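K.L.:
What follows is each chain in one-letter form.
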Amino acid sequence: GDSVTQMEGPVTLSEEACLTINCTYTATGYPSLFWYVQYPGEGLQLLLKATKADDKGSNKGFEATYRKETTSFHLEKGSVQVSDSAVYFCALSLNTGGFKTIFGAGTRLFVKA
Amino acid sequence: EAQVTQNPRYLITVTGKKLTVTCSQNMNHEYMSWYRQDPGLGLRQIYYSMNVEVTDKGDVPEGYKVSRKEKRNFPLILESPSPNQTSLYFCASSLSETQYFGPGTRLLVL
Numbered sequence: 001g002d003s004v005t006q007m008e009g010p011v012t013l014s015e016e017a018c019l020t021i022n023c024t025y026t027a028t029g030y031p032s033l034f035w036y037v038q039y040p041g042e043g044l045q046l047l048l049k050a051t052k053a054d055d056k057g058s059n060k061g062f063e064a065t066y067r068k069e070t071t072s073f074h075l076e077k078g079s080v081q082v083s084d085s086a087v088y089f090c091a092l093s094l095n096t097g098g099f100k101t102i103f104g105a106g107t108r109l110f111v112k113a
Numbered sequence: 114e115a116q117v118t119q120n121p122r123y124l125i126t127v128t129g130k131k132l133t134v135t136c137s138q139n140m141n142h143e144y145m146s147w148y149r150q151d152p153g154l155g156l157r158q159i160y161y162s163m164n165v166e167v168t169d170k171g172d173v174p175e176g177y178k179v180s181r182k183e184k185r186n187f188p189l190i191l192e193s194p195s196p197n198q199t200s201l202y203f204c205a206s207s208l209s210e211t212q213y214f215g216p217g218t219r220l221l222v223l
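Going down the list, the protein sequences come from chains A and B. Residue 92 in this note's numbering sits at position 92 of the first sequence, and the numbers go up by one each step. Residue 202 in this note's numbering sits at position 89 of the second sequence, and the numbers go up by one each step.
Isolated chain B, as found in the complex (with noise of 0.2 Å):
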């Protein structure tokens, strides 16, 4: 079955404790997104790539960081993270312009 897969799902952790969420699509897309997702907010581009080891900010990237070193694989890095990150986050892929959003991950800063 085609998807995005995400983990964790759910995760409260305290601020300034470094944290990964991974994102993963087995259908071959080059193109790979991270979203926040906050009320009356919509959806914001964090990270996008377009390629293995290209990637590139999107609108609010400040306080992640990202890496691409395989096609399926686009991870998210939290290195110190602060309460005003506690949001939903969507990791999508695409081959051309429509996505493919994963389940969502609800991060909790405290």
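Just chain A, with the same shape it has in the complex (with noise of 0.2 Å):
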């Protein structure tokens, strides 16, 4: 069946690092891919998609590029900042009639001063 499988945290980094953050789909058809950002105590929010192979999303400094031949959705940012503490979740979404979307089990950041 469909799925979405990120990497486990939690991710511990300091300010300014790197971070990737993987995350691999299996689906049958064409998904659209997500990233979403929970932070705490609130309801998730989107942070980017892409509707196609090769597509790149991107916002407030975030980006990942829809892989088909790799399957994959990689979240990446250069520089992380301590107000980038916070959930992130990896998701597909089908159009079967309505929008099901399959979200992963996401993978919780956190970034120290």
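Honestly, the hints are just simulated from the structure, not real lab data. Incorrect hints may have been included.
A few chain A residues that face chain B, going by a derived Cβ cut-off under 8 Å, partial list only [to be verified]:
#1 SER93
#2 GLY104
#3 GLY106
All figures in this text were calculated on a predicted structure; none of them were measured in a lab. All C-beta atoms, glycine included, are put in the ideal place defined by N, C-alpha and C.
Hints are included, so try docking the two chains, each in its own frame, into the full complex.
P.N.:
Here you go:
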């Protein structure tokens, strides 16, 4: 079945370090891919998305490229800030009449000053 | 302001006592969903609705009911809550594939 696998956390980094959170997926058809972020005590919000192969989504210094050949959508940021501390969810969406979204388990990021 | 609201935000109840968590959106979205979030499991879809009076089961529907009588509202009903329904619940709405989430309802069933 369709699924999303992302690296387990927590990930702890110092401010200004580089971030990579790995995400791979399994899907029939051609899904859209997303990264959602959840700040403490809040709901999820869209961080970035890509709708087709080789598309790059970007927002707030984060970016991810839709790689069909490796079925991956890794999240990267060149220099993290303390305010980036949150839980990051990789997700895919399939248009099956409605929009079925499947989430990964989430990766918690801690950034130390 | 475009938003999804949920009430209550926190709820402690006892086994078997019926409860309802309300969800409302002001974006005129057709598609709404309920998810539960549990550690290590991410978000799992409970029920979804593609429009008024159209609802369907998600991945973990057992023990839950929903209704969609109006476009803006999508309440989640637990007829007889059990401790394994202790979780963090999120409502979401969407017009297309990007979802907009409410702030969450943390439920503890004793």
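K.L.:
All hints, please: hold or fail.
P.N.:
A quick look at each hint next to the structure:
no.: 1; hint: SER93; in the structure: 4 Å, holds
no.: 2; hint: GLY104; in the structure: 5 Å, holds
no.: 3; hint: GLY106; in the structure: 5 Å, holds
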